[in-house]
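Going down the list, the sequences are from chains X and H. Taking full-length UniProt numbering, the leading residue of the first sequence gets 1, the next gets one more, and so forth. Taking full-length UniProt numbering, the leading residue of the second sequence gets 1, the next gets one more, and so forth.
A few of these clues could be false.
[Claimed, not checked] Here are the computed lysine to any residue pairs in the SDA-like style, where the Cα-Cα straight-line distance is at most 25 Å: (1) K13(X) <-> I130(H); (2) K129(X) <-> G149(X); (3) K17(X) <-> G106(H); (4) K18(X) <-> M92(H); (5) K8(H) <-> Y381(X); (6) K217(H) <-> T3(H); (7) K13(X) <-> I249(X); (8) K70(H) <-> T3(H); (9) K2(X) <-> K110(H); (10) K107(H) <-> V235(X); (11) K200(H) <-> K110(H).
Hints are computed from structural coordinates only; laboratory data are not their basis.
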Amino acid sequence: MKKVITICLFEIKRTFKKKSAYVIMLGMPLLFTFLFGTLFGSDAEVSFQIALVDEEQTAVSQHIVQRLMLDEMISYNIVSGHEAKEALANHEVQGIVMLEKGIAEKLRNGEPAVRFQHPPGMSTAPLVKQQVNQVLYSIDVYATAATVGSGYLNEDWETVYGKLSKNEGQIQVWTEQRTSGSAGNPMMGVSYSSAGFSIMFVMMMMLTMTGALIEARQAGIWSRLFTTPVTRYQVLFGYFLSFFIVGWIQFFLLIVLSTVLFGVNWGSPGGLLLLITTLLLCVVGLGMAIASLVKTAEQQNAIGTLVIISTCMLGGVYWPISLVPDIMQKIANFVPQTWAMEAFTTLIAESGNVGDILLPIAVLFGFAIVFLSVGLSRMKYA
Amino acid sequence: MLTLSNVKKSFDSREIIKGVSLQIERGESFGLLGPNGAGKSTLISMICGLIPYGAGEIRIDGKVVGKQLKEIKQIIGVVPQDIALYPSMSAMDNLLFWGKMYGLSGKAAKIRAQEVLEIVGLADRAKGRIETFSGGMKRRINIGAALMHRPQLLIMDEPTVGIDPQSRNHILETVKSLNEQGMTVIYTSHYMEEVEYLCKRIAIIDEGKLIASGTKKDLSNRLAGGTVLKLTVDSLHPLFIEELKTLNSVEKVIVKPGEEIDVHLHSKMEMVAEVILLASRSGIHIHNMQLQEANLETLFLQLTGRTLRE
Ligand SMILES: Nc1ncnc2c1ncn2[C@@H]1O[C@H](COP(=O)(O)OP(=O)(O)O)[C@@H](O)[C@H]1O
Ligand SMILES: [Mg+2]
Chain X
1 MKKVITICLF EIKRTFKKKS AYVIMLGMPL LFTFLFGTLF GSDAEVSFQI ALVDEEQTAV
61 SQHIVQRLML DEMISYNIVS GHEAKEALAN HEVQGIVMLE KGIAEKLRNG EPAVRFQHPP
121 GMSTAPLVKQ QVNQVLYSID VYATAATVGS GYLNEDWETV YGKLSKNEGQ IQVWTEQRTS
181 GSAGNPMMGV SYSSAGFSIM FVMMMMLTMT GALIEARQAG IWSRLFTTPV TRYQVLFGYF
241 LSFFIVGWIQ FFLLIVLSTV LFGVNWGSPG GLLLLITTLL LCVVGLGMAI ASLVKTAEQQ
301 NAIGTLVIIS TCMLGGVYWP ISLVPDIMQK IANFVPQTWA MEAFTTLIAE SGNVGDILLP
361 IAVLFGFAIV FLSVGLSRMK YA
Chain H
1 MLTLSNVKKS FDSREIIKGV SLQIERGESF GLLGPNGAGK STLISMICGL IPYGAGEIRI
61 DGKVVGKQLK EIKQIIGVVP QDIALYPSMS AMDNLLFWGK MYGLSGKAAK IRAQEVLEIV
121 GLADRAKGRI ETFSGGMKRR INIGAALMHR PQLLIMDEPT VGIDPQSRNH ILETVKSLNE
181 QGMTVIYTSH YMEEVEYLCK RIAIIDEGKL IASGTKKDLS NRLAGGTVLK LTVDSLHPLF
241 IEELKTLNSV EKVIVKPGEE IDVHLHSKME MVAEVILLAS RSGIHIHNMQ LQEANLETLF
301 LQLTGRTLRE
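Use the sequences and the hints to build the structure in full.
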């Protein structure tokens, strides 16, 4: 065991000595996460700050406020008229939306009821205008309904409007669930890219490390090892352990950095522990299997890169697998990344727990056993 | 210390080692001389248990290689033909690693690594990375790694290939002093000067067979006609040639174009006078005369018809 640990620590030290290791380990995955994450749209809410002033404070105006607040792109801060002006002057907000007194009256008469104040050249102004108009348009429907309703029910316009808009509140809860729920792409943006590129570059890192193994073997270091009182199992286990530990270090750092930099929430720690451990067994196994089948470091690099890139594509590492044709989705079942991404999605987007990812874990474990047995049984020693 | 009895080895049904027997005593320095491809490395791989031997038996310290490998590996130190070190790591790191592989504790390895660096003369480069070293320095650390556990038997496979003369001399001195301190040494080379300098006993291997072995003296006695007297004369008189051949000390006479005669002699100096005497009696004028003494190179040439390095 002492020799296993010596070999393991030596390999880890050797890995961290290379500067290029850090690029593959951390630099590339974070860069790709950033690029792809923003390409797919963000779930970390890059929002525009707008001050919202409600001078009227009636059912109608509050309804408008409520509707405006639903928007994910623009974030409204409800403030007094005075505070709003100050915030704009201090550049804390990009504009002011003012719901003026007598808004219900004006709406009924078809007069402009909302004032939008913004500095010249504000790039998001059209976006805000459009949103406000949209809200007013739908409010208008309620306003008309309230006018008609108050005639029938012989009740106050305000009261009818209040009833109608309360109803809508329930509907809105439903819409809210839809937009952030599991319809379409469950996990987009930075979270998805973080998980995907962590997997990909953990695999790339494994390729670098098994490359170092093959170079050592080619240089005659393995032959020399076997002239010392060291067994094959000690050597293999030492390497295996070093791969596994470096993989964990990499995953750990990527999780910490993506949380800090991109605000990714990785979900249940227990689930992550289980998932990453199993995934790493699988990845280390794949690395060893490739190393056992090739002779030279060049072969290993070429074959390894091809295998990793293509299976990552198939396995939905770059884009959600729901975007590809059915046949591709079927093929994807034979790729470990598919299952890893499924488990990550469960943990990250659906707040899943250990119990929710047992199926993908079992499949990954199966892959790990196959890869490891190929790697360990067919390993070339000289 | 080491016994090989009729050891054979084939790769892909091609016999590479064709029945080698030899015995090396404790404390000896033994040279294995042979051209590239003779089978030296293959033989060494079998001795240290890297590849199984096809037939025969190899024993080290009474233990059979292949059966009691663990005990054997503990007492042998192998210096491979290739530089088997981690290039991106320092000399010290490499030595510590190999020391620990031989079972040294961390502390013992540190102390020994310092000693080994002194032995190979690189104590001031302990922290230098191997990839920044010259060929000769790499070779010296390559040897150092095999000394970490103070082996009883040091097996070296062409440890001086491709290095500068100073490093080469340093290595030869080092090995010689290790042997004088009691370490048994097997030294493989295709440089006959190295083997002649270092080793008391020598075996010459060619195409998987030992074609000669013994002490340096044994071998030079086998050099029948190894000494060559090269003559350039004014005329090639047939009678003179015939009379040369009848001389006791002459093994054979080869006549070459340009009035040149190679006279192969059994032994040297005393016999040269006889040749000169004969020449003057025959009225032959000697323009030029050159005595080429025998060495292992000539022995190899004589035994195989080829030179060691071709
Ligand atoms: N693993 C192997 N498979 C096939 N042939 C080999 C193998 N190893 C060595 N040989 C052959 O055996 C012969 C002797 O090689 P080697 O022992 O390396 O010679 P030397 O060390 O004396 O230069 C060479 O012809 C070489 O091609
Ligand atoms: Mg060789």
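**Message:** Of the numbered hints stated earlier in the document, which are not met by this structure?
**Reply:** The structure breaks hints 2 and 11; every other hint is satisfied.
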